[in-house]
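Use these hints to put chain E onto chain G, whose structure you have.
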Amino acid sequence: MINEIISMNGYGPYVWSAFIFTLVSFASLYLVTKLQLLKEQKKYIVKFGSLSKAKTAVVREQKINKEILLNSVITKI
Amino acid sequence: MFNFFDLGKIFEISSRSTKYVFFLFIIVLIIGLTEALFLSPEDYKQSHSVRIMYVHVPAAWMALGIFSMITFLSVGTFIFKNKNFFLISKSLAPSGFIFNIIALITGSIWGKPTWGTWWAWDARITSMLILALFYFMYLLSWRIIENKNNAIKISSLIIIVGAINVPIIKFSVNWWNTLHQGPSLKIMSDTTIHSSMLIPLGIMTAAFALFSLLIFLMKFNTEMIRIKNKGLDRL
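For the protein sequence lines, the chains are G and E, in the order given.
Quick note: the first sequence uses my numbering, first residue 33, plus one each step.
Quick note: the second sequence uses my numbering, first residue 2, plus one each step.
Isolated chain G, as found in the complex (with noise of 0.2 Å):
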């Protein structure tokens, strides 16, 4: 049974080779623009750390940057 699966009558190769390369692909894909998403939320992070408390409220008070806080915590719980 797992021989024929394997094997599909000598088509297991192709047929194998071709979804282990989708597969592959899109786990790298997804891996590089998880890394670049996880930097600029460190670099957002640490910048916004070194702001004065004037400019901190400032930057609070933007929906987007807002977001950007919010979901830099959700990341590191």
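Heads up, none of these hints are tricks.
Dumping the calculated DSSO-like pairs for lysine-lysine here, alpha-carbon to alpha-carbon at most 27 Å: (1) E:Lys231 - G:Lys74; (2) E:Lys84 - G:Lys66; (3) E:Lys231 - G:Lys75; (4) E:Lys84 - G:Lys98; (5) G:Lys79 - E:Lys20; (6) E:Lys10 - G:Lys74; (7) E:Lys149 - G:Lys75; (8) G:Lys79 - E:Lys231; (9) E:Lys10 - E:Lys154; (10) E:Lys154 - E:Lys84; (11) E:Lys20 - G:Lys75; (12) E:Lys231 - G:Lys98.
From the structure, some residues in chain E lie toward chain G, with a derived Cβ separation under 7 Å: (13) Ser48; (14) Ser50; (15) Ile53; (16) Val56; (17) Ile99; (18) Thr107; (19) Ile110; (20) Phe212; (21) Asn222; (22) Asn230; (23) Leu236.
It should be emphasised that the hints constitute simulated quantities derived from the structure, not laboratory data.
Just so we're clear, the structure is a prediction, and the values are computed from it rather than from any experiment.
From the three backbone atoms N, C-alpha and C, an ideal C-beta is built for every residue, glycine too.
Chain E in isolation, oriented as in the chain G frame:
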């Protein structure tokens, strides 16, 4: 005009929906893979090699669909002078490029048992390779052009020129005598694929679309945070 392209709103939705899209993608992918690899029948002519269709065809559809979407957004950038469009195009392009590469490689793997060759300079295959080159040039333009306005103009131009290739890909199997088979799935008339194969193909297409959406959301969030990072520098 284009109030629905409010970046704040889009960012709010995109940053909150990523995890749901990820879980949905995993579920649909598992169902799709089970159907494609184990439950769907083998073809009477191509035997089990037909299973490659379940990754090759959705990848090709997605690559073409995403390129067409980027084309509309690029035209929009020029006509409506809306610079938010470029953010969406830029976030869509990486998954489109990967789907294009998957379509080419899996097509090549499928070609060996079916046609007896890994590669042929056939109209459909060559035009898909040209599409990959346009994707590559688009992504490269964002990497090498430092001035943002120039990058928007040049990348949009690359896509608009590349869009000429899209109908060529679509109709290449009708216009020329190609090794590649003609369309089996037609919108305007009856499809020639049996439902036992059509269902797994549909599920895998849904999985690929969800993956594209997932990458788009993550890429879009990255771009938005990058913009905000620059904003913090200017404070």
